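Given next are the chains, with one letter for each unit.
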Amino acid sequence: MRKFHLLVINEWVKMVKKRSFVVPYLILLLFPQLLGYIIHSVSPGSFASAAGFTREMLLPTGMGQVMTILSIIGTAGIVAKEHSRGTIKFLLIRARSRTAILASKYVTVLLYVLSLTAVAAAGILLSGMIWFQTGGGDTGIADILLALLYGCIYSFVYVTLAFMLGVLTHSTGVAIGLSMFLLTIDKMVISRSFYKYFLFPNLDLSVYGSGQQPPMPGMTLGFSIAVLAVYMTVFLLAGFLVFRRRDVA
Amino acid sequence: MERTSVNQLQSDAAGDLPVLQMKSVTKMIKGKAIVNQLSFEIRKGEIVGLLGPNGAGKTTAIRLMTGLIRMTEGDVLVHGHSIRHDFRQAIAHIGAIIENPEFYSHMSGLDNLKQYVRMSDGIAESRIAEVVELVGLQNAMDKKVKAYSLGMRQRLGIAQALLHSPKLLILDEPTNGLDPAGIREMREYMRKIAEVEGISILISSHMLGEIEQICHQAVVIQNGTLVKVTRLGAQDSTENEVSLSVRVDNLAAAAAVIQAEEGVRLTGTDEQHSELIISLHDRKVPELVASFSAAKVGLYRITEHKQSLEDDFLKWTGGNRIA
Ligand SMILES: Nc1ncnc2c1ncn2[C@@H]1O[C@H](COP(=O)(O)OP(=O)(O)O)[C@@H](O)[C@H]1O
Ligand SMILES: [Mg+2]
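Line by line, the protein sequences are chains A and B. Every letter in the first sequence is one number past the one before it in the UniProt record's numbering, and letter 85, counting from 1, is 85. Every letter in the second sequence is one number past the one before it in the UniProt record's numbering, and letter 29, counting from 1, is 29.
By construction, these hints were calculated from the structure, which means they are not laboratory data. There could be a bad hint or two in this list.
As the list claims (entries may be wrong) - List time: in silico DSSO-like cross-link candidates among lysine-lysine, alpha-carbon distance up to 30 Å:
1. A:Lys18 to B:Lys114
2. A:Lys3 to B:Lys143
3. B:Lys114 to A:Lys3
Since the structure is predicted, the reported quantities are computational estimates derived from the model, not experimental observations.
Assemble the whole structure, with the sequences as input and the hints as a guide.
Written as structure tokens, this is what we have:
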């Protein structure tokens with residue numbers, strides 16, 4: 001693991017050199033401006049302050065979802081494409097363990113999500129300051145940071161799922177398609193008590209805010225964090241075990 | 001201190017180790033042995049041809065050597081290190097192109113090579129320029145790989161494989177898809193690389209003729225099984241049995257001389273060209289010529305009879321032509 005960062009640099013370079021690399025960043029920068037304009041023109045009183053707008057938009061129910069979609073599209077192919085293009089052969093015949101190579105890819109995926117989040121936050125904040133009042137309201141910096149964290153966690157879970165699907169199926173299409181499908185149905189609620197152990201109702205940690213009802217009886221912030229941790233561990237274990245052992249044709 | 005001295009001892013001992021040892025390697029896929037109990041060795045500085053018809057298991061054997069797939073039985077030792085149990089030590093001595101050389105086509109040749117520099121320890125800055133010059137790609141380094149011809153990609157593949165100064169270069173059908181001029185050029189590169197870098201090379205091919213001239217040794221496989229290991233061409237020492245074709249004025253008289261000569265075997269007769277095919281030790285050749293003169297047999301030509309391996313090879317490969 002001595003020169004692990006060099007592997008991460010490699011992965012990052014491969015992503016940056018794509019011509020489409022800036023597109024998601026531009027979307028996350030510009031889309032909030034449009035959204036702010038529309039909300040401002042339709043109902044100017046929706047948000048008390050720029051901070052309130054920012055907090056609301058960052059959540060998995062707002063731009064957080066767009067951010068997640070872009071993250072999935074940007075990273076689902078990070079393993080599958082090496083297989084489909086045949087570049088995996090040159091990658092795996094180096095004096096590096098398969099674990100280190102896959103880990104460097106996963107770290108790169110997380111960094112990518114963080115970078116998208118940072119740009120999205122900047123775009124949203126800018127839009128908020130343009131279209132809503134800078135001062136006032138009761139939303140503070142802590143609320144914004146918390147919303148940022150929840151938005152990130154939501155994205156992390158999904159990119160981890162897509163990452164595992166890419167390793168297991170070697171198909172970028174399946175990885176994007178399946179995780180996007182799950183993304184569109186994850187707000188669905190099945191009112192049976194076993195459903196709280198599913199991934200979906202635990203994805204949005206912002207529901208545990210002050211004075212809100214939990215999505216289902218018996219659920220708490222701690223419970224949801226534990227469920228998410230278990231799912232993430234399973235996704236990663238499956239991905240790493242398969243990647244380490246599988247024959248590369 | 002103790003560590004270094006132990007390492008030194010090991011590397012001294014490694015001096016006469018074969019660069020590659022295939023030890024009864026078997027690969028079963030769905031109950032079928034794709035590679036079956038395959039054993040052979042590659043020594044320092046040797047160019048070895050891995051020959052066999054399409055589907056013989058050449059690529060699979062190479063995937064096994066490079067750890068891309070797991071073997072069912074056996075082991076591969078690279079410079080004494082097991083690819084199964086000591087992968088990183090073993091693979092560090094190998095540079096390879098397996099099937100087609102595939103690069104990140106949206107990046108330049110230089111950016112592609114830099115990827116592999118970052119993946120190996122201790123490659124000097126100057127090494128990229130060195131290998132690029134060796135394969136003659138100096139003017140293409142800033143071009144994106146998608147603009148490269150197949151020949152250029154092959155050469156970039158070789159550059160990629162040589163970056164970390166391996167002890168063994170493995171090339172899987174490097175002449176595939178190249179025109180005759182490209183194939184000749186490729187052979188020249190091989191010879192030059194073996195000389196400049198002082199390394200062993202394993203070249204797989206389904207065309208014996210294309211690589212025969214540069215190989216010291218041929219390993220022929222079919223259906224995943226070893227058929228034959230033969231020394232080839234220039235490396236023949238006087239210790240070796242050679243096959244010669246001799247054109248004479250009188251076949252019967254010549255045959256009688258050969259019969260009388262110890263250690264010379266008559267393996268064939270070509271009446272149309274008035275030639276005899278004989279097999280003997282190199283050092284017996286002058287004696288035989290003297291005996292011919294003594295018996296007043298007129299000698300028109302003595303040429304090396306190289307057909308035998310090629311004939312065999314065609315026989316093995318011919319059956320699979322349709323595939
Ligand atoms: N993953 C696999 N699953 C099933 N059969 C395979 C697999 N890989 C190779 N084979 C079979 O093994 C044989 C040898 O293939 P290969 O090593 O590519 O031959 P060569 O490189 O000598 O042309 C072929 O018949 C091929 O169909
Ligand atoms: Mg092949």
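Each hint tested on the structure:
Note on Lys18 (chain A) and Lys114 (chain B): the hinted pairing holds, with a Cα-Cα distance of about 16 Å set against a maximum of 30 Å. Among the hinted pairs, Lys3 (chain A) with Lys143 (chain B) is consistent with the structure: their alpha-carbon atoms are about 28 Å apart, no more than 30 Å. A threshold of 30 Å between alpha carbons decides the hint, and for Lys114 (chain B) with Lys3 (chain A) the separation of about 15 Å falls inside it, so the pair holds.
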